[in-house]
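This is what each chain is made of:
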Amino acid sequence: MAIPTTSCDVQVQIWVDENAVTNGSTAGVYLVDNRISAGTTHEGTANLNTAASKGSNVCWQVFLINPKSTSQVSIAAFGNSSAWGFSGQPQTASDNASAYTGTVQNAGTASYPVSLNVQVAGGSGITVKLNPSVTVSA
Amino acid sequence: MSGQKSTAQVWTADSQVLAGIANPQTAITIAIDTAYVLGTGGGNISTGVYMFDNRLSNDSSGEGTLELRTHCNIGDYLGFEVVPIDPNAGDTVSITGFQISQGSVFGSDGYPMQVGAAGNYWVGLARNASSQTTYQIQVKVTSGGLRPSTRFIQWDPYIGTN
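Chains as they are written, first to last, in my numbering: chain A, 1 to 138; chain C, 1 to 162.
So that you can see chain C by itself, here it is in the shape it has in the complex:
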C-alpha cells in the first residue's frame, strides 16, 4: 500500500466530503442474476439486472428495472453497489466503469470512482443540475467454479436532480 494514497488521505482536509463519501445520501443498489448473465454473450443487456434506489419518495421511477431514473438532490453523493442474487454460486460482480452519453450531472470532480478494495462499490457526486443524465454502467460478472468465465455487461439508466 505504500505509495498509494487512500481516499481518506486525499481528502483529509474536508470532513464534510469524507462524511458524504462514507454515507452517500442517495444509494443505488444493483442486484444481478449472475447465472442468467453468464448464459449470455455479455455486452448490452436487457434483463437479469435489477436496480433500486432510496429515492422513491423523491420521485425516482423505474424501480426494480434496468431503466432506473434516480431523482436526487444537487450535492448528493451517490453510492452504487452491485450484488449477486445467488450467494452460493461463487459468482462475483464488480463495477468497471461509468460512461455518460447525455447530460452532465457528475461533471469532472463528481465523476464516480471506486471506494474500497472490493470493486463492487463506487461513489459519485451530483455536482451539476441536470434534468436527465443518461449513463452507462459497466459491470464485470465472473463465474465461480472450475473454469471461471467473465462477461462484461452494460445498460443505460438515468439520473436527474431536483
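Here chain A stands alone, though its shape is the one from the complex:
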C-alpha cells in the first residue's frame, strides 16, 4: 500500500549534477537526509547511511542541483533489501508521483539498490545506480 510523503518521518533527498553524471558512475550524485541528529553517516555522498527507527516511513525524492535546468531526472526503481521486511518495499508515493515511499521493518544495517534516470537536455538518457544503506534501530 502506497504511503503518502506526509507520513514519512525520514526524508532522503538525492541531488544530481547533470553536468557530471555518466553511466556506470555515481559522480555528481549526492544524498542527504534529515537524520544527522539520529546518527546518519556519509551525508552528502552517494553512500548515505541513514539512521532510522524500526517501523519508520521513509521518503526519497530526486532533484537537479540547478533549479533552472531543463534536464529531467527521476527515480527509476528501488531494489529489494532486507531492510524493507515483508511489506515495506518502496513504491511511488500516493500523493506525489515523483517521490518514493517505503518502510524500514527490520533492524540492522542493510544496503538497498536504487536507480535514477537522467536525461540531460538535448542528450540521451543516463542510468545512475546507487547503493546507499540504512541502519535501523529496533
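It should be emphasised that the hints constitute simulated quantities derived from the structure, not laboratory data.
Even for Gly, the Cβ is constructed at its ideal location relative to N, Cα and C.
Hints may contain errors.
Stated by the list, open to error - Simulated restraints on C-beta separations:
id, chain 1, residue 1, chain 2, residue 2, range
1, C, 94, A, 82, 36 to 42 angstroms
2, C, 88, A, 76, 20 to 26 angstroms
3, C, 88, A, 110, 21 to 27 angstroms
4, C, 132, A, 2, 43 to 49 angstroms
Given the coordinates of chain A, assemble chain C onto it according to the supplied hints.
Here is chain C on its own, set in the frame of chain A:
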C-alpha cells in the same frame, strides 16, 4: 508593488544580463537539516548543512559538505538556493546575506542579491578573476508549529574562477 522596481525593470536594457539572472550557469544548492539546526544555538555551524553545485566537471570540490569549493568561469552568474530537507515539518529557510572575508570574485556589481520574493534564491556574478574567494553565507531557519523560533546560521565556503 508600485514604487518598487523589479529586477526585470532595472535591467530591461540588457537581454543577456536578464538571461543570465534567469538561468545562472553555475548553480549552488544548499540542503538544510532544519531539525538539527533548530536544536543548536545558531551562529557558526559545522554540520547539518550540505552544499552541492553543478560544477564537479569543472573541478569543484567539497561537494556535499559545508566547505564547498565552487570552480566557475569568469562571467558566470551564480545561483544560490536553500531548501529544507524535510518538507513536512513546516520549517522555512531563507538567505539573509553574504559576507566576503577573502578575495573579490563578485566585486561590487556582481555582489549577490535576492531574486524573487521567497528569499530562498539569490544570484551573484563572478565579475573578477579569483583563485579563491572565501565567503560567509547567512541563512535564517524558522521552525513551523505553534511557537515558531528562528536561528541565523553561517559558515564559509569558497569560490574560485578558471
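Evaluation of the provided hints:
Taking the beta carbon of each, residue 94(C) and residue 82(A) are about 41 angstroms apart, inside 36 to 42 angstroms as hinted. In this structure the hint that residue 88(C) and residue 76(A) lie 20 to 26 angstroms apart at CB holds, the actual value being about 25 angstroms. Take residue 88(C) and residue 110(A): their Cβ atoms lie about 24 angstroms apart, and the range 21 to 27 angstroms holds. Distance hint check for residue 132(C) and residue 2(A): the Cβ-Cβ separation is about 48 angstroms, which falls inside the suggested range of 43 to 49 angstroms.
Hint check: no violations occur; every hint is consistent with the structure.
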